[in-house]
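**Student:** For the sequence shown, the numbering used here begins at 26 and goes up steadily by one.
No lab work stands behind these hints, which were simulated from the structure alone.
A portion of the hints provided could be inaccurate.
Straight-line Cα separation of at most 20 Å, PhoX-like style, residue types lysine-lysine; simulated pairs [to be verified]:
no., residue 1, residue 2
1, Lys92, Lys64
2, Lys67, Lys115
3, Lys101, Lys115
4, Lys64, Lys115
5, Lys56, Lys67
6, Lys56, Lys92
7, Lys92, Lys115
Listed next, with one range per pair, are the computed distances between beta-carbon atoms [as the list claims (entries may be wrong)]:
no., residue 1, residue 2, range
8, Thr51, Pro121, 36 to 44 Å
9, Leu61, Gly130, 24 to 32 Å
10, Asp134, Tyr69, 26 to 34 Å
This structure is a prediction, so every number in the text was calculated from the model and none was measured.
Virtual Cβ for every residue (Gly too), placed ideally from N, Cα, C.
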Amino acid sequence: TDKNDTNDEIVVIVDYDGFQFRHISTPDAVKFVLTLASKLEKCYAQIPYGYVINANPLAYQVVILSKPTAGNFLQKMDIHGTNSQSWIPKIQRMIPQDQLPPAYGGSSDFKPLVTYNFLE
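Generate coordinates for the entire structure from the input sequences, incorporating the hints supplied.
**Tutor:** Structure, rendered in structure tokens:
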């Protein structure tokens with residue numbers, strides 16, 4: 026995919042920064058994660074690629090446990106640990122800087138369309 030193409034594709038970035046066991050330690054939290062994974066699977070055709078970033082060991086386990094409900098979706102995701110010097114250049118090769126927040130190597134005047142924070 027040429028990063029300058031304009032189309033109806035969705036690129037997903039899942040940021041596990043600050044992710045801890047308490048975020049998934051209740052049945053409702055587990056149900057939420059599985060439901061979200063299932064919904065993302067339904068958008069599969071519109072997602073050419075995506076990124077999981079800041080994945081600590083617990084986040085890796087969550088990704089593995091999500092495979093039964095989001096297996097196809099997860100095949101399109103590049104999973105990266107907490108070393109931003111490793112994943113920022115990869116994201117920048119695929120996504121224009123004006124579409125990325127500064128924390129992901131984007132421009133300082135970036136304005137997100139939608140932000141979800143599931144850790145609070």
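**Student:** Each hint: holds or not?
**Tutor:** Results of checking the hints against the structure:
{"no.": "1", "hint": "Lys92 - Lys64", "result": "holds (13 Å)"}
{"no.": "2", "hint": "Lys67 - Lys115", "result": "violated (26 Å)"}
{"no.": "3", "hint": "Lys101 - Lys115", "result": "holds (14 Å)"}
{"no.": "4", "hint": "Lys64 - Lys115", "result": "violated (26 Å)"}
{"no.": "5", "hint": "Lys56 - Lys67", "result": "holds (17 Å)"}
{"no.": "6", "hint": "Lys56 - Lys92", "result": "holds (14 Å)"}
{"no.": "7", "hint": "Lys92 - Lys115", "result": "violated (23 Å)"}
{"no.": "8", "hint": "Thr51 - Pro121: 36 to 44 Å", "result": "holds (38 Å)"}
{"no.": "9", "hint": "Leu61 - Gly130: 24 to 32 Å", "result": "holds (25 Å)"}
{"no.": "10", "hint": "Asp134 - Tyr69: 26 to 34 Å", "result": "holds (32 Å)"}
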